[in-house]
Amino acid sequence: MAKTVIVSCGTGIATSTVAAKAIEEACKAAGVAVITKQCKGQEIPELLKQGADLIVTTSTMRFDPGIPVVKGLAFLTGIGIEQVVEEILGYLRD
Amino acid sequence: MNISDYLCKEAVILGLDAAFSEEVIRELGGKLRDQGFVKEDFIEAALEREANMPTGLPLGGEYNAAIPHVDIEYVNKSALGLATLKDEVVFYNMVESDEEVPCRLVIMLALDKPKSQIEMLQSVAAVLQNPEIIQNLVHAKTTEEIFEILS
Numbered sequence: 001m002a003k004t005v006i007v008s009c010g011t012g013i014a015t016s017t018v019a020a021k022a023i024e025e026a027c028k029a030a031g032v033a034v035i036t037k038q039c040k041g042q043e044i045p046e047l048l049k050q051g052a053d054l055i056v057t058t059s060t061m062r063f064d065p066g067i068p069v070v071k072g073l074a075f076l077t078g079i080g081i082e083q084v085v086e087e088i089l090g091y092l093r094d
Numbered sequence: 095m096n097i098s099d100y101l102c103k104e105a106v107i108l109g110l111d112a113a114f115s116e117e118v119i120r121e122l123g124g125k126l127r128d129q130g131f132v133k134e135d136f137i138e139a140a141l142e143r144e145a146n147m148p149t150g151l152p153l154g155g156e157y158n159a160a161i162p163h164v165d166i167e168y169v170n171k172s173a174l175g176l177a178t179l180k181d182e183v184v185f186y187n188m189v190e191s192d193e194e195v196p197c198r199l200v201i202m203l204a205l206d207k208p209k210s211q212i213e214m215l216q217s218v219a220a221v222l223q224n225p226e227i228i229q230n231l232v233h234a235k236t237t238e239e240i241f242e243i244l245s
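Taken in order, these protein sequences are the chains called X and Y. The first sequence maps to residues 1 to 94 in this note's numbering. The second sequence maps to residues 95 to 245 in this note's numbering.
Among these hints, one or two may not hold up.
[To be verified] Computed far set for chain Y versus chain X, every beta-carbon distance over 10 Å:
{"no.": "1", "residue": "Cys102"}
{"no.": "2", "residue": "Ala113"}
{"no.": "3", "residue": "Lys180"}
{"no.": "4", "residue": "Gln223"}
[To be verified] Distance condition first, Cα-Cα at most 25 Å in a straight line; then the derived BS3-like pairs of lysine-lysine:
{"no.": "5", "chain 1": "X", "residue 1": "Lys40", "chain 2": "Y", "residue 2": "Lys235"}
{"no.": "6", "chain 1": "X", "residue 1": "Lys37", "chain 2": "Y", "residue 2": "Lys180"}
{"no.": "7", "chain 1": "X", "residue 1": "Lys40", "chain 2": "Y", "residue 2": "Lys103"}
{"no.": "8", "chain 1": "X", "residue 1": "Lys21", "chain 2": "Y", "residue 2": "Lys171"}
Bear in mind the hints are in silico, worked out from the structure with no lab data behind them. Where a beta carbon is used, it is the ideal one built from N, C-alpha and C, also for glycine.
Start from the sequences and build out the full structure, keeping to the hints where you can.
See the structure below:
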């Protein structure tokens, strides 16, 4: 079954778009089925109600969502991108 | 790369002498507003957003950048503004909002549709990931030079 990743940023339209696209591509390359849901940071609780496996965020997390959180700034800056992708795949692989 | 397709040449400011991020956002936002790309309340929205959810990015090279932006409701038509800063101006880290990021480059994003400018956004990310391009932008002397670097 496909895993669900909430991809959040400040506006839910800009940096999370870049991160979501990169996560989808990395998962495809690794053969991991994934669904990404983009949102603003404050919309995370609502999306959590529908169930999710992981949060990747490019904005500051203000609360503990109860599921793993990966900081996704690397999708913008490129710094440490391999490790971040591995970390994400690690959470999503069965 | 298609950043230059979106970059508003009237909203390119070189060597801006600013002490605070607010001045940079007001200058760049003002240029985009004067050109009709963003609405009157864009600047206040961008300032509020920057205070609550900052957009500073520590980059791999000598210089860091910030990418202020807000919700689509404040935007008439997608565009980019760009400012190089005479001295470092403190923005805060996007994902660690209490961490200072001294910036010499600010790229302001005005987006009119959600998720639609993926190529433009990816191009911006590609620029941010290239320390040589960032360095060339910071040192550019003319607007034409900025466009050449980005095209």
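Quiz item: Looking back at the hints listed earlier, which ones does the structure fail to meet?
Solution: Of the numbered hints, 4, 5, 6, 7 do not hold.
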